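Asks: Protein sequences appear in the order of chains A and B. Each step along the first sequence adds one to the number in my numbering, with nothing skipped, and position 195 is 195. Each step along the second sequence adds one to the number in my numbering, with nothing skipped, and position 283 is 283.
Think of the hints as simulated: they come from the structure by calculation, not from any bench. In this text, all values refer to a predicted model and were calculated from it rather than measured experimentally. All the given hints hold, so there is nothing to weed out.
Simulated restraints, written as ranges between beta carbons of each label pair:
hint	chain 1	residue 1	chain 2	residue 2	range
1	A	ARG206	B	ASN300	33 to 41 Å
2	B	PHE378	A	ARG206	55 to 63 Å
3	B	SER285	A	LYS76	46 to 54 Å
4	A	SER96	B	VAL274	50 to 58 Å
5	B	GLU368	A	GLY71	52 to 60 Å
6	A	GLU182	B	SER285	55 to 63 Å
Covered by chain A, per the in silico footprint, the following chain B stretches (three or more residues, Cβ under 8 Å):
hint	segment
7	8-22
8	300-308
9	314-323
Lysine to any residue pairs mimicking SDA-like chemistry, simulated, CA-CA at most 25 Å apart:
hint	chain 1	residue 1	chain 2	residue 2
10	A	LYS76	B	ALA393
11	A	LYS14	A	LYS76
12	A	LYS76	A	ALA66
13	A	LYS76	B	SER318
14	B	LYS118	B	ARG48
15	B	LYS204	B	LEU223
16	A	LYS76	B	GLY315
17	A	LYS139	B	ARG14
18	A	LYS14	A	PRO29
19	A	LYS139	B	VAL4
20	A	LYS14	B	GLU398
21	A	LYS76	A	SER64
Cβ atoms here follow ideal geometry from the backbone N, Cα and C, with glycine treated the same way.
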Amino acid sequence: MNSNPARTPALATKGVILARDGKSFARLPDLDVRGGQSVAVVGPSGCGKTTALMAIAGIRPPQSGAISIEGTDPWKLRRRARDGFRGRRIGLVFQSFYLVDALSVRANIWLAAQCAGYPHHETRRLETLLDRLGLTSVKLSRADRISHGQAQRTAIARALLNQPAVILADEPTSALDDANTETIMALLTECAVSENAALIVATHDRRVLDAVDQVVEMERLQ
Amino acid sequence: MNVVALAFAYLRRRWGQALLSILVGALGIAAVSTAFVGLDALPDAAERSWGGVDLVVGPKGSALDLVLCCALHISDPRGLVSEKAAMAVASHPLVRVAAPIALGDNVDGWRIVGTTSKILSVYRAEIARGRMWAKPLEAVLGAGAAKSLHFKIGDHFIGAHGLESGGEMHSQFPYTVVGVLAPTGSALDRLVLCDIETVRYIHKMHAEDEAAETGVTETYVNLPDAATAVVASYRSPVAALLVPRLIDANPALSAASPTFEIARVMSYLRPITVAATAMGILLVSIAAAGAAAGLMATMNARTRDLALLRVLGAGPLSIASVAFAEAAMIALAALLVGIGLSAILMALGADVLADQTGLLLKPQIDIEDVVCLVAGAFVVAGVAALFPAIRAARTPMEELLQS
Chain A
1 MNSNPARTPA LATKGVILAR DGKSFARLPD LDVRGGQSVA VVGPSGCGKT
51 TALMAIAGIR PPQSGAISIE GTDPWKLRRR ARDGFRGRRI GLVFQSFYLV
101 DALSVRANIW LAAQCAGYPH HETRRLETLL DRLGLTSVKL SRADRISHGQ
151 AQRTAIARAL LNQPAVILAD EPTSALDDAN TETIMALLTE CAVSENAALI
201 VATHDRRVLD AVDQVVEMER LQ
Chain B
1 MNVVALAFAY LRRRWGQALL SILVGALGIA AVSTAFVGLD ALPDAAERSW
51 GGVDLVVGPK GSALDLVLCC ALHISDPRGL VSEKAAMAVA SHPLVRVAAP
101 IALGDNVDGW RIVGTTSKIL SVYRAEIARG RMWAKPLEAV LGAGAAKSLH
151 FKIGDHFIGA HGLESGGEMH SQFPYTVVGV LAPTGSALDR LVLCDIETVR
201 YIHKMHAEDE AAETGVTETY VNLPDAATAV VASYRSPVAA LLVPRLIDAN
251 PALSAASPTF EIARVMSYLR PITVAATAMG ILLVSIAAAG AAAGLMATMN
301 ARTRDLALLR VLGAGPLSIA SVAFAEAAMI ALAALLVGIG LSAILMALGA
351 DVLADQTGLL LKPQIDIEDV VCLVAGAFVV AGVAALFPAI RAARTPMEEL
401 LQS
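Throw the hints in and build the complete structure from the sequences for me.
Replies: See the structure below:
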């Protein structure tokens with residue numbers, strides 16, 4: 001388990017086969033991603049990119065194969081431990097951001113720490129993230145009263161708060177124009193480097209490919 | 001996860017629905033607490049009002065009437081007795097002190113009571129200002145009567161016939177205020193006291209005038225020592241077992257115990273407590289059902305948020321506790337509003353009761369009742385939140401990534 005961070009990859013997968021309705025339908029190419037590196041998992045819609053992210057995040061089990069996050073296979077943990085592990089070591093960025101409208105920007109980001117079981121989390125990091133992502137001026141605004149760009153940055157800040165080993169981003173640019181795609185990818189890769197986290201982007205958007213270190217394509221199974 | 005902050009934020013989002021649940025719940029809680037506290041306070045108010053009166057000796061008839069008329073000074077007298085006969089049976093060794101009272105007149109609605117100085121001993125009252133009456137047509141006012149009538153020592157007033165204002169004025173018999181009693185919290189505070197002979201004389205004159213006009217002779221003419229009743233205070237509780245029996249053996253007299261009669265009245269009022277409690281429980285149930293339905297609906301609308309919390313690492317129990325926290329907050333708000341509402345209702349009720357009967361309602365908060373009320377409200381809230389909480393805890397995380 002995470003004995004030597006320098007030699008242990010942030011994320012490693014081997015022979016991960018994904019199933020739908022009990023039938024295997026896709027294979028995730030083997031990954032070995034170090035902190036600060038970024039990988040795009042590409043393929044057409046329905047090819048299993050999101051299912052692969054769910055398997056890595058410990059949300060839906062793969063049919064077979066091994067997943068290791070800093071040396072820990074989330075699927076070998078008990079359910080409650082897996083939930084906690086996901087909260088602490090994996091940051092998720094969704095295409096639709098999924099902010100809690102009833103809460104402020106600050107509280108939305110803070111949720112990540114609280115849900116992961118860090119009730120007395122260092123608030124300095126939260127303030128640093130707010131500042132770094134340009135959210136300080138709207139930190140007390142309710143999530144449904146901020147702009148699209150601010151919501152996007154709030155979602156990224158939430159994913160980064162717990163200093164995750166792996167950042168999983170599901171179609172982060174699918175609804176964006178070229179300029180915004182470039183901005184968001186720059187922000188994600190820059191954050192991955194600065195936080196020393198492995199960034200995995202599931203996308204069918206070819207504009208993303210230049211921004212990442214490695215591109216892998218989902219393999220369809222017969 | 002800060003469940004309380006999240007639950008509060010959600011409640012704020014659906015404040016209209018939450019407010020409705022709080023108001024209906026508060027009405028139920030107010031009904032239950034008013035029924036419990038108010039009806040518990042009533043016997044205490046009556047007991048304070050009758051002061052040290054353990055026994056009322058009056059004419060044959062309803063014992064409750066005797067208590068209401070001569071101990072609580074709420075209702076009208078039913079007849080007269082001979083003071084000598086009543087005092088003879090009341091002067092038992094187990095009786096500490098007894099005083100005759102004669103009713104019949106008022107000043108601006110405040111009862112003028114002819115009696116002897118022993119009445120102060122019955123009620124354990126003291127003169128606060130001035131002195132006791134020393135001759136006819138001198139009056140000593142109870143503390144409440146003095147305050148309301150704005151009479152000072154040396155002021156004069158005219159009594160009116162009857163126990164309510166508006167009766168024929170006895171203009172030829174002006175009273176002089178010579179003393180004011182210290183407050184006792186009893187019915188004595190609402191009385192205007194004078195020598196019993198004064199009342200007898202005025203009524204004898206009045207009765208003779210009436211007889212001259214109508215040919216009918218009133219009792220006050222035929223019974224020189226007429227009194228409405230004799231009120232007495234026991235020396236020992238044992239007296240309650242012996243003395244009333246001796247009095248009831250007299251063919252002209254009847255004994256009444258305020259304690260016994262008010263307990264009897266309260267037993268008649270018990271169904272009201274039950275009905276008010278049932279109504280309160282019904283309202284609380286409606287509020288709980290409303291809160292449960294509201295929570296269930298919001299849990300369905302909140303599937304995405306709940307799935308997000310699960311993805312962020314919150315366990316099913318933490319997610320379920322959001323629903324419980326929301327219900328608990330509604331319960332807490334309903335409790336606070338309900339208890340406040342109950343306090344207002346009781347204050348208004350106490351004012352009306354004091355106006356109508358002179359009874360001073362002083363609701364006592366019983367810690368056991370409070371614990372029952374609080375525990376009951378939170379148990380109901382917990383039951384209301386149970387299904388929404390289970391629904392929340394079972395939210396699948398996949399919904400978030402697949403939507």
